[in-house]
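Trainee: Residue-level listing of the chains:
There are 2 protein chains.
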Amino acid sequence: METPVKPDHTAATTVNFSEPRKFTTTLRSDLKETFFPDDPFSRFRGEEKPLLRLKKGVEYFVPIFEWLPKYNLRLFRFDLIAGLTITSLAIPQGISYAKLANVPPIIGLYSSFVPPLIYSVFGDSKHIAVGTVAACSLLIAETIGKVVSPVTDPTLYLHLVFTTAFVTGIFQTLLGFLRLGVLVDFLSHSTITGFMGGTATIICLQQLKGFLGMKHFTTKTNAVSVVHAIVHYRHEWRWESALVGVIFLIFLQFTRYLKQKKPKLFWVSAMAPMVVVIVGCVFAYLIHGTEHGIQTVGELKKGINPLSIEYLNFDSRYLPAVMKAGIITGFVALAEGIAIGRSFAIMNNLQVDGNKEMIAFGFMNIIGSFTSCYLTTGPFSKTAVNYNAGAKTAMSNIIMAVFMALTLRFLAPLFSHTPLVALSAIIMSAMLGLINYDEAIHLFKVDKFDFFICMAGFFGVVFVSMDVGLMLSVGLGVLRALLYVARPASCKLGKIQNSMLYRDTEQYPGTTTVPGILVLQLGSPIYFANCNYIRERILRWIREEQANSSSEGNVIEHVLLDLTGVTTIDVTGIETLVDVRRSLDAKGIKMAIVNPRLKVMEKFIQSHFIDKIGKENFHLSVEEAVDACQFSLHKSKQNGDVSAEQPIVVDGSVI
Amino acid sequence: METPVKPDHTAATTVNFSEPRKFTTTLRSDLKETFFPDDPFSRFRGEEKPLLRLKKGVEYFVPIFEWLPKYNLRLFRFDLIAGLTITSLAIPQGISYAKLANVPPIIGLYSSFVPPLIYSVFGDSKHIAVGTVAACSLLIAETIGKVVSPVTDPTLYLHLVFTTAFVTGIFQTLLGFLRLGVLVDFLSHSTITGFMGGTATIICLQQLKGFLGMKHFTTKTNAVSVVHAIVHYRHEWRWESALVGVIFLIFLQFTRYLKQKKPKLFWVSAMAPMVVVIVGCVFAYLIHGTEHGIQTVGELKKGINPLSIEYLNFDSRYLPAVMKAGIITGFVALAEGIAIGRSFAIMNNLQVDGNKEMIAFGFMNIIGSFTSCYLTTGPFSKTAVNYNAGAKTAMSNIIMAVFMALTLRFLAPLFSHTPLVALSAIIMSAMLGLINYDEAIHLFKVDKFDFFICMAGFFGVVFVSMDVGLMLSVGLGVLRALLYVARPASCKLGKIQNSMLYRDTEQYPGTTTVPGILVLQLGSPIYFANCNYIRERILRWIREEQANSSSEGNVIEHVLLDLTGVTTIDVTGIETLVDVRRSLDAKGIKMAIVNPRLKVMEKFIQSHFIDKIGKENFHLSVEEAVDACQFSLHKSKQNGDVSAEQPIVVDGSVI
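Chains A and B supply the protein sequences, listed in that same order.
Numbered according to my numbering, the first sequence spans residues -11 to 643.
Numbered according to my numbering, the second sequence spans residues -11 to 643.
The following block holds chain A by itself, in its conformation from the complex (with noise of 0.2 angstroms):
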């Protein structure tokens, strides 16, 4: 598109000193970018007929409008096969966690019959399959068991565990309707790299509990009280239960290297638990288990989600471990829960709207904590294994809701026989699968930073908890993005031969630099965090330069300072480069600015920055800068001008 050419020459080839744009403009786009910057509503602002645009409204908040209509037998057989795949997935994984939480295991299917209903209802993702996860589980219970134990009040534990899902809920909603998505961005990659890592290597550990057939055990979750209470309680040791454990976990790990070797195969891995689990409970029914030291999950009621809205329990004693617990997992849960969903989503170039997903899954929770469920998201695995087995839609989530209802209506007690070491492996063999080796070792080679984080999150887990091990993960890459604005890169440009681009002398090492003119670039906002170091830096690089080329006989006259990749300052910004200008001033150096951006020529403007520089000393380019300097250095050698003539002290100690 040939944009139209304004007749005025002039106002294209130097820099624009036309009047900033109003406020309210400026503060429109910049909380356009700040909270909306996939511009939800584009799709029915543009509708002209109201009752269009009202459903069009009404399917972008409750995305089930919009596809359900379009549903058709097709994308239904697909669903159905990827629904009942997951279901299968969900019971040994849904008694699993529940174990790992210590709340009763019927907790666990109940949490998969509920919230995947009303995900498939306000969730935007079509891949995610709903469910509970183990690093959120052992959380709860970590946090929750600090204030009330679940072995002697197992019933206050459990409403406790509602109200945190409750509180998860809120959190998450809040974030949602706030726009806050931005937060969820702070757990970087290598954060959850880490804290997975970590949290898996953990509950690896406590799963030799299972393993042993012990009754005692540490409710600590760091690793050296673990190791203590195994060792501790070693005459509790059962080499049947071990054996039968192993025997499973072998088998458990066949099918997902087959799955890896031929991933077509996925359904063989997908099934395994809930393979696992047939075989134990006919196994253990068998061989009267119990008898031999393994212990089984116990009595499992027939039924559906009992309510539990009565249940909520807001007491000022528990208030804050719940709060904690809630939002500490609501924040991972989000982060797994969306990762995943926009993963899959770009892959298939979808778009996926994390504040709407936000929502979603805080309704979900909500919704979840009134009816004897706890905190559920999108799993990793669980979606994985949804999308492979085909799901075309949230479909395949109401599918599982339905079979999860009969399993609980009429097959529930089959599995109170379902022995223990049976679930440590199922949940062992997930979470190995969780720790991702190949990963550290790529932000290793990488970025040593991300590999720090990651491995901040990773120990911090391991020997100290899990609150401490994300927290500190999060504040580490809070930290780094502080120093990315605390320490932006400069760098001195020199001209490429042959061509009149300016670049990196670093860089490009064969690039010239004009004598007497010196060239930097600046990036990252200029404002009130790194303006003392830019100060300091810019006056460091004109030190090193003179001090180069006092030997050769030239001293500095001019220093362009090349804005192209500042992208905002602020008050201490702009006072920040008057100092430096009169710091150069008081050598003799002449200062010119190129290429100020939009928001920055603003500012410039705004703070009359212009009119003490001097239009002059503004360009477009480098190029043209350049050229201006040279044609007053040449000027002023004509002229013999006394101030450029003098001699100019270089002293090491006074600049």
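Derived from the structure by calculation, the hints contain no laboratory data.
Remember, predicted model here, so these are calculated numbers, not experimental data.
Be aware that one or more of the hints could be misleading.
Since the list gives no way to pick out one identical chain from another, each pair is judged satisfied if it fits inside one copy or across any two copies.
Unchecked claim - Okay, derived cross-link-like pairs now, PhoX-like style, lysine-lysine, Cα gap no bigger than 20 angstroms in a straight line:
{"#": "1", "residue 1": "K208", "residue 2": "K134"}
{"#": "2", "residue 1": "K436", "residue 2": "K10"}
{"#": "3", "residue 1": "K289", "residue 2": "K208"}
{"#": "4", "residue 1": "K433", "residue 2": "K290"}
{"#": "5", "residue 1": "K436", "residue 2": "K591"}
{"#": "6", "residue 1": "K20", "residue 2": "K480"}
{"#": "7", "residue 1": "K433", "residue 2": "K591"}
{"#": "8", "residue 1": "K58", "residue 2": "K44"}
{"#": "9", "residue 1": "K10", "residue 2": "K289"}
{"#": "10", "residue 1": "K433", "residue 2": "K600"}
{"#": "11", "residue 1": "K312", "residue 2": "K134"}
{"#": "12", "residue 1": "K380", "residue 2": "K578"}
{"#": "13", "residue 1": "K312", "residue 2": "K578"}
{"#": "14", "residue 1": "K20", "residue 2": "K436"}
Put chain B on the given structure of chain A with help from the hints.
Mentor: Here is chain B on its own, set in the frame of chain A:
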């Protein structure tokens, strides 16, 4: 200087794909930029003779060795006058601020004897005058007053104040040694303006107690409590006191006004507080003020600082409050001292090493806490007076210390007659100068967010408490810093008429674009906290562009990402670019990278991103990239290339 030119021409006209620098090289460079941006050791690293090097090293770490040998009588004449002037200010201010901190007035005088001596040995600034400050005095009173009452247990309270100074000293020294000066940079100019304004407001309100000669008052500092106390104890109001106070205040404000009109008369306003104290003493002595409701300071013992090292109290009951007070006041004191030192240094083209200053302030407070002093720093007002009075070196601090010692030894008891109302007038007059309306208006005009940060500090201090106000304001500043990196600016580039420059189309409305080619400029680092935003934003640019151009029949075939402004990238950022490429591929759009900077290129190579994208898709300049794309467009049209001719489906719900 003409850099030698490589014979290899190809290396200079394409992007440099050579191997990344070694990890140790980049680490050393990063650490240097983070902790030693001012390259402090350069001055003696170059020295070859070991003895001379040692001498220069000692001179660097203990600046008095540098300036004292060169000291002469001419400099001494200047410093003597400045020293006398700041002594005359130090006595009334010392007594006043000690009252503000609820410690005996003599402590304020002690604090102007030992700390200036220490600073003159280790301090780097030639202009700072050491002394106590109002804001920190009140902050200490507020924080320590919460755990121990200065009225019922004054001895313990005083010991905790010494301990606070000790904690401050250790904290400041540590920050300096760890080269964490960057932390102080997070106290932005806006924060300091707001915090100082708020503090000045509540201190003025508090002085109404002294003005009105009241005996009862609140210990809280917020405006509501103070106004309530004033009204509540209105039966204690004494008109005599108020009358004297108003007269003093008018006199002090008049001298300030005089200074503003005729800057040469600065000494009048510098001496005025001393005049008020002397006149007040004489007046109170003559009329027996206490009988007329004019309270006086009371007993002041002769003699210089007694040792207080044995009084430092680390009782665990009080330690949290002491730590909190020590660290917060340490921060504020550093921010004030370093900022003022730096401003005068810049004015005189000198350099002040922030980290070294921290160590000097730290030593001064540690030794101060051993010798009955409380927190000292380089206050704005006193330093300005010192500078205006002609101080040339830190000798003026030594002279002040000598005069202060003489005062303590011989004259202290005279000041016991000082009326409290005189002190209140002195404090109030000083505080009125700290409420910087002009700066707030300037902030409002130039940057609304800076103004908001400032106002948050102001109202937080006035209506809640000093620490809350400070943290709120700093928190908003950090949030903004994070938003800068979480929402980096991006823009669409177009070619400026009659040139080969590509610039922001919004900033330069006359630019033209090539049909089918979209050039986007990204800014700031690309990394975990902004990669989702960047992905969404690039896709939105394309969507918007296609919505505009579809009516004209052009579809986008090339997207060029100009990374000139991208200073660095992390692992998540690289993955994002891979994702973007995949999304574009699916739409039949080709992606190319323009001018990646050194660090970014290194990461690209390490992560094998180059291999994924293909070297042919890297360009050194936008112009070159556009030429390459135009060539490919031309070719595809000529050859009737199917993939390029195929109309691309533009579907808002899918993109």
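Trainee: Give a verdict on every hint.
Mentor: Structure-based check of each hint:
In the homo-oligomer, the alpha carbons of K208 and K134 lie at most 20 angstroms apart inside one protomer (9 angstroms), although the nearest pairing across protomers, at 37 angstroms, exceeds that limit. For a Cα distance limit of 20 angstroms, the shortest separation of K436 from K10 across copies, 12 angstroms, qualifies, whereas the shortest one inside one copy, 44 angstroms, does not. For the homomeric pair K289 and K208, neither the shortest alpha-carbon distance inside one copy (30 angstroms) nor that between copies (60 angstroms) is at most 20 angstroms. In this assembly of identical chains, K433 and K290 lie within 20 angstroms of each other by CA distance neither inside one copy nor across copies; the values are 53 angstroms within and 68 angstroms between.
Taking the shortest alpha-carbon separations for K436 and K591, only the inter-copy value of 11 angstroms comes in at or below 20 angstroms, while the best intra-copy value is 37 angstroms. Proximity of K20 to K480 under the C-alpha cut-off of 20 angstroms is restricted to the inter-copy arrangement: shortest distance 17 angstroms between copies versus 35 angstroms within a copy. Taking CA atoms no more than 20 angstroms apart as the test, K433 paired with K591 passes between copies only; the shortest distance there is 9 angstroms, against 41 angstroms inside one copy. Taking the closest pair of Cα atoms, K58 and K44 come within 20 angstroms of each other only inside a single copy of the chain (14 angstroms); across copies the shortest separation is 81 angstroms, beyond that limit.
In this assembly of identical chains, the alpha carbons of K10 and K289 never lie at most 20 angstroms apart, being 66 angstroms within a copy and 63 angstroms across copies at closest. In this assembly of identical chains, K433 and K600 lie within 20 angstroms of each other by CA distance solely across copies; the values are 17 angstroms between and 48 angstroms within a copy. Only within a single protomer do K312 and K134 lie at most 20 angstroms apart by alpha-carbon distance; the minimum there is 12 angstroms, versus 28 angstroms between protomers. Proximity of K380 to K578 under the C-alpha cut-off of 20 angstroms is found in neither arrangement, the shortest distances being 65 angstroms within a copy and 28 angstroms between copies.
For the homomeric pair K312 and K578, neither the shortest alpha-carbon distance inside one copy (57 angstroms) nor that between copies (47 angstroms) is at most 20 angstroms. Taking the closest pair of Cα atoms, K20 and K436 come within 20 angstroms of each other only across two copies (16 angstroms); inside a single copy the shortest separation is 34 angstroms, beyond that limit.
In summary, the numbered hints that this structure violates are 3, 4, 9, 12, 13.
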